[in-house]
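> Based on these hints, arrange chain A on the given structure of chain P.
Going line by line, the protein sequences match chains P and A.
Using my numbering, the first residue of the first sequence is number 8, and each one after it goes up by one.
Using my numbering, the first residue of the second sequence is number 8, and each one after it goes up by one.
Simulated from the structure, these hints should not be mistaken for lab results.
Do not rely on the hints blindly, as some may be mistaken.
No copy is singled out in the list; a pair is fine if it fits within one copy or between any two copies.
Stated by the list, open to error - No farther apart than 25 Å at their CA atoms in a straight line, the calculated lysine to any residue pairs in the SDA-like style are these: (1) Lys51 - Tyr208; (2) Lys97 - Ala27; (3) Lys64 - Phe96; (4) Lys151 - Glu163.
Protein chains: 2
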Amino acid sequence: MTNPAEHPASGRDVRVEYSARHVHLSQEHQDVLFGAGYQMTRLKELSQTGQYAYEEKVIVKGSKDQAEVRVLGPCRAQTQVELAFSDGFKLGIETPLRVSGDLAGTGVCELIGPKGSVNLTEGVINDARHLHVSDKEAAELGLKHGDAISVRVPGETPITVHDVAVRVHPSFRMNIHLDTDEANAASLSRQGMTGTIVEVYPKRA
Amino acid sequence: MTNPAEHPASGRDVRVEYSARHVHLSQEHQDVLFGAGYQMTRLKELSQTGQYAYEEKVIVKGSKDQAEVRVLGPCRAQTQVELAFSDGFKLGIETPLRVSGDLAGTGVCELIGPKGSVNLTEGVINDARHLHVSDKEAAELGLKHGDAISVRVPGETPITVHDVAVRVHPSFRMNIHLDTDEANAASLSRQGMTGTIVEVYPKRA
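Next comes chain P alone, as it looks inside the complex:
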């Protein structure tokens, strides 16, 4: 294998973003939690096209504690709760490391909204680290969907995150998504700082 530090993408800049715990609701669960026909209020657009944060939050309740968690839109086919490792520990909820959408057998919790509650029998995950990149940028960098990279994250206490999955899609803008545990470990004080790809491990054929 080629030295993973000598890949053409090694040394390239990447925008670093991080997001706190959040929930994507199915339409069915949104109806239960907020009432059928309820119109959610958009708070802001997110960096990926067509995604937005709502003003609304729900309570995520585990075996030890509960917390308010922001809802993101639009609705998805299946409800997905994304927690950091520390959130799961504090709330008493299992957070298996998964790719978004791969929810079979993942963590359970109760969701509580203003109009009702849902016992979620699966759907809680620790979203696996990933890089979003457009097909055009991926081709320029020699990256392929499914490659694993390491990214050096700036901040007052810098870290390098390993096992970052490359996700390629025409609509994606290139950035790496961290959770709050990773952002805190780097002492990141703001969104949009510049990280560096330091290693590329091509997907095995």
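Below, chain A without anything else, positioned relative to chain P:
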């Protein structure tokens, strides 16, 4: 400069430990918080010789929130509160990155104990990452007090922590000390896992 990955210590194993937020009290402050002559109760020995955790906790209060924080012994010349980046954010307390004992101009908080309270005018820090190593092991590895190293931390979501200061003392047992943000970023589930030194940046003469 030599390639930092080609130093003799690069590739060497190191024990990984992490500690939650904690407080070292001066005798004067312990007397105020717990009463003069109060005998603290030892809960367990810590990995560094002569250090121990007490059963007692104090409340650390910032501008936004407060939290219970464990007291470590024995007493020190000056009270020192060690918080992770996320603790400081949540409590509303500045946590400058400092080496233990270097407290001039550091963060302020209120400490509240069962018998009294103290307005701490400095002493709250984010303890800078460090490796403890004995003089004998340091000599074997070619490490010197003040060198900076990078250490790959295992766990389900591995990270490498950079800017880890090497601290050499005859009494030290070799291990790296992380805080809870760093341990959570790596999804570390237990103490004493094995990390790897991956880079050494010798102290500039």
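> For every hint, state whether the structure bears it out.
Each hint tested on the structure:
no.	hint	verdict
1	Lys51 - Tyr208	neither (35 Å within a copy, 43 Å between copies)
2	Lys97 - Ala27	both (14 Å within a copy, 13 Å between copies)
3	Lys64 - Phe96	both (20 Å within a copy, 21 Å between copies)
4	Lys151 - Glu163	between (31 Å within a copy, 23 Å between copies)
In terms of the numbered hints stated before, the structure departs from hint 1 and from no other.
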